[in-house]
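Engineer: Hey, can you piece these two chains together into the complex? The hints should help.
If you read the sequences in order, they're chains D and S.
Using this note's numbering, you'd call the opening residue of the first sequence number 1 and step up by one each time.
Using this note's numbering, you'd call the opening residue of the second sequence number 1 and step up by one each time.
It is worth saying that the hints were derived from the structure and are not from the lab.
Where a beta carbon is used, it is the ideal one built from N, C-alpha and C, also for glycine.
Hints should not be assumed to be uniformly reliable.
[Unchecked claim] What follows is a set of in silico ranges between Cβ atoms, one per label pair, in the way DEER data are often shown:
#: 1; chain 1: S; residue 1: Asn33; chain 2: D; residue 2: Thr205; range: 37 to 45 Å
#: 2; chain 1: D; residue 1: Thr246; chain 2: S; residue 2: Pro7; range: 52 to 60 Å
#: 3; chain 1: D; residue 1: Ala418; chain 2: S; residue 2: Leu66; range: 35 to 43 Å
#: 4; chain 1: S; residue 1: Gln22; chain 2: D; residue 2: Ala129; range: 49 to 57 Å
#: 5; chain 1: D; residue 1: Gly136; chain 2: S; residue 2: Lys8; range: 34 to 42 Å
#: 6; chain 1: S; residue 1: Lys8; chain 2: D; residue 2: Thr179; range: 54 to 62 Å
#: 7; chain 1: S; residue 1: Glu53; chain 2: D; residue 2: Ser55; range: 51 to 59 Å
#: 8; chain 1: D; residue 1: Glu406; chain 2: S; residue 2: Gln22; range: 55 to 63 Å
#: 9; chain 1: D; residue 1: Arg253; chain 2: S; residue 2: Ser4; range: 36 to 44 Å
#: 10; chain 1: S; residue 1: Val56; chain 2: D; residue 2: Arg436; range: 27 to 35 Å
#: 11; chain 1: S; residue 1: Val56; chain 2: D; residue 2: Ala418; range: 50 to 58 Å
#: 12; chain 1: D; residue 1: Ile57; chain 2: S; residue 2: Cys17; range: 43 to 51 Å
[What the hints assert, rightly or not] With the C-beta cut set under 10 Å, the calculated list includes, among others, these residues of chain D facing chain S:
#: 13; residue: Ser143
#: 14; residue: Ser318
#: 15; residue: Ala321
#: 16; residue: Thr352
#: 17; residue: Ser353
#: 18; residue: Gly355
#: 19; residue: Val356
#: 20; residue: Thr357
#: 21; residue: Gln360
#: 22; residue: Gly363
#: 23; residue: Asp365
#: 24; residue: Asp376
#: 25; residue: Ser379
#: 26; residue: Phe381
#: 27; residue: Thr389
#: 28; residue: Ser391
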Amino acid sequence: MTDVLQRIESVCPECLARIPADLVRCGDRVLLEKSCPEHGPFSTTIWKGEPSFESWIRPKVPYYGGERQQTGKKGCPYDCGLCDRHTQRTCTALVEVTSRCNLQCPVCFADSGGAATDPDLDSLSRMFATIVKQTGGCNVQLSGGEPTVRKDLVHIVRLAKEAGIDFVQLNTNGLALATDKNLALQLKEAGLSSVFLQFDGVDDTVCKELRGRALFTSKCQAIDNMCVAGLGIVLVPTLVRGVNLTQLWDIVRFGLDRQPHVRGVHFQPMSYFGRFPEKFTPDHVTLPEIMTGLAEQSGGGVHVDDFQPPGCEHALCSFSAKYLMQDDGRLQRLGGSSCDCGPIPAEKGALTSIGVTARQWGGVDGTGTQSRENEDDLSRFLSRARTHTFSISAMAFQDCWSLNLERLQGCCIHVAQADGRLIPFCSFNLTARNGRSLHRPQPQKNAC
Amino acid sequence: MKLSFLPKDMDWTCELCRQKLQPGFVELHYAGNVFKVELPVCPQCSRVLIPEELAVGRILEVEQLLEDK
Chain D
1 MTDVLQRIES
11 VCPECLARIP
21 ADLVRCGDRV
31 LLEKSCPEHG
41 PFSTTIWKGE
51 PSFESWIRPK
61 VPYYGGERQQ
71 TGKKGCPYDC
81 GLCDRHTQRT
91 CTALVEVTSR
101 CNLQCPVCFA
111 DSGGAATDPD
121 LDSLSRMFAT
131 IVKQTGGCNV
141 QLSGGEPTVR
151 KDLVHIVRLA
161 KEAGIDFVQL
171 NTNGLALATD
181 KNLALQLKEA
191 GLSSVFLQFD
201 GVDDTVCKEL
211 RGRALFTSKC
221 QAIDNMCVAG
231 LGIVLVPTLV
241 RGVNLTQLWD
251 IVRFGLDRQP
261 HVRGVHFQPM
271 SYFGRFPEKF
281 TPDHVTLPEI
291 MTGLAEQSGG
301 GVHVDDFQPP
311 GCEHALCSFS
321 AKYLMQDDGR
331 LQRLGGSSCD
341 CGPIPAEKGA
351 LTSIGVTARQ
361 WGGVDGTGTQ
371 SRENEDDLSR
381 FLSRARTHTF
391 SISAMAFQDC
401 WSLNLERLQG
411 CCIHVAQADG
421 RLIPFCSFNL
431 TARNGRSLHR
441 PQPQKNAC
Chain S
1 MKLSFLPKDM
11 DWTCELCRQK
21 LQPGFVELHY
31 AGNVFKVELP
41 VCPQCSRVLI
51 PEELAVGRIL
61 EVEQLLEDK
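If we strip away everything but chain S, and leave its shape as in the complex, we get (with noise of 0.2 Å):
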């Protein structure tokens, strides 16, 4: 299944290049997982915006998942 995290106000601009960010696909590696997720992504610098729902959600969720006491 898709894993797609596009916002649903798409006009978002990168800073750096002034672009539009455009849906792209990147890979998320955790701990020998790999997920391809949509994201949008600067077409110029492929900086990707992680939207904060996915941020302080799942993403945190992993990391805790990874930490080591």
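Isolated chain D, as found in the complex (with noise of 0.2 Å):
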């Protein structure tokens, strides 16, 4: 028995043509089915389980405003970057320093061939500015490729804060952090804020399956290093079926055992970019079987309804949650006990979500957590809750087969070009079956 909950705008995973198509309830799934006149019918499940897909919602008011670069007149998500019809601010742009990698994963959504030349100084610098100019201001996240291979990565750190970037954070995989103890020491006096680690699971199986090697003890090898510098470390995990759904809450515990420097983990199911067989199909981990994995895997240590869905993004983008861990090691959870879901400005939910973000994924002063007995409540309060703040949120990346306009429209995060084009970020990964891209400029090997 299925029902049509919504109809939607998505593409043709064959030949990326913009197409109808419906969002069926199936059960406990929710299904996005569509098909091509060309190419025929498709179907992926894009939620599975509780919380419900109905009380799933978050509407925003359109934001229109800042510079647009593009027309819209070839429509979504043909000329991307950003139209006239995009109803959402950047919050954190995107910056590629490079596209080369010093890891050859099995899944990586990122160009990591190598082949392009990398942003010079001066273009980056330009960059940044135009980020700064165009949006206003906004959080920063420099990507690759691996960043970390240019040798000028602490240089380029101090670009950005220069041009005014206040939240700048790293995306990497993390080895040369592990090799090199200086590299997180000289990228925090630049003005890094934080890392994002890409963090797969706790042990060797996880990262052999999902990055061909055993990386477990060189992850911890960078966070020791993360921890002495004072950085930010936000645990990015990629979520596989039946490689790493098993390991949520023991991501997370590692995490809780190295505040006050790991001050999150980002779970980010895999999306499929990249060339795949005929015959392929898709399965996606869902964000409510993330949201019921952490409940149950915690026995009790965090609830599905601690999850609230975001004011900036689409709701059906991500989840998250904050809590403060007491000193008995509890978790209480931090923020309204349900969101309000009403219809917010857009804008408005952006801005707060700069500033929230930046607060709770930035490093914070490790030294002096004990707090003092001549303290009174409130002090003591704050002074746990700064060290010991711990955000659990995930967010799931849509490809050719679960691709809903309505949800690119409302994007966020913005990789930076440098024609100052500023391209939702699930766009510029889009690739068809056959890893045929529309926006990145070469196209890339087998990779998701």
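Structural biologist: Next up, the structure:
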């Protein structure tokens, strides 16, 4: 028994033509079903289990302000960057500082073929300045490829700070941070706030499966070095069914044990970017499966209804919750017990998210974490909270099977281009099943 | 330990009631935590004066802690 919950627009996974699609309930699942006149029907699960799809709403009043680079004449997702259809401002701008990488992961959405020339420092400087001018201020993530393969990465961080970017985050696999003890200190000194550390599990079985190598010891060494430097660390697991869904809580536990420097865990279910076989059937890990998994694996430490839809991006793109870990190890959820799910201005949501993210994911001073005896209750609470708040969140990226243009139009994570365009992340990485990319300048190897 | 936020100059008057504010204990509830603090209170309408230093200092910090994305 199926029923249509919502009519949306998507693309054909074969030819990327824009086609209508339905979100259809089928038991405890919600499927995205669509049919291309030329290439036939496609279906993928986008929601499974609790909380219910119908309950997971957080409507936004669209934001059409700011400078728009595109007219939107071709329509979504063909002329992204940003067009006048886009309903959200930039919360985080990604700057890809290289396409080179020191890992060859079986799973990777970034273009790590290494074919493109790295942008030079002047170009990056201009990009940072443009981001500040166009967005009026946002968080910036340095990404790649693997940014640490650049010998001038410290200088790049300094340039971003000089351009007026308050919160600069590094997206990395951590290998260079493990082997070079000084790198974390130099990055911190240059103004880096936070590191988005690829961290798929708490043993080498997971690393070998997803990254092709035993990396766990290296990850631990990188974390130790970042702790010494005082960088905020966010553990970022790529989730793949059959590989690491049983380690959700182990990963959180690992992070909690390394407070105050590990500031949270941000799960990213694997998306299917790149080239895939003709008969390929996607198997997306959905957000409710992560929420339920966390609640079950934590043995009641966290609960499904702790997690809230975002106020910035589209509700179906993410969830998050923030906790305070008490002296006895219990987790106390911070924030409202239920979201304000009435329509909120998208811009307000984005501005809140920029601040909340920077405060939560940035580094904290780990010295003097013991509260003093003569402190009053409020001061004691705040002392603890400054070092022991911890966020658990997830973001579900979209690919050619799961793309929902309404979500794309509300995207707040934008990949900055040298020509000034800000391209929504899932549009920038979108590829047809044969690997053809809409916006990336060069073709990718088999990657997802 | 007592939490007291009484201004050095307690010469404050409630504009609505025209009553002089008096020291009084108020409960602040944050995320299941209750903090009993001493603040200037109107003896008639029970309105509380939260000094600027507290409002833009520790109270703001607590509010930011509780803010969801």
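Engineer: Which numbered hints are broken by the structure, listed smallest first?
Structural biologist: Those not satisfied are hints 7, 10, 11, 13, 22 and 23.
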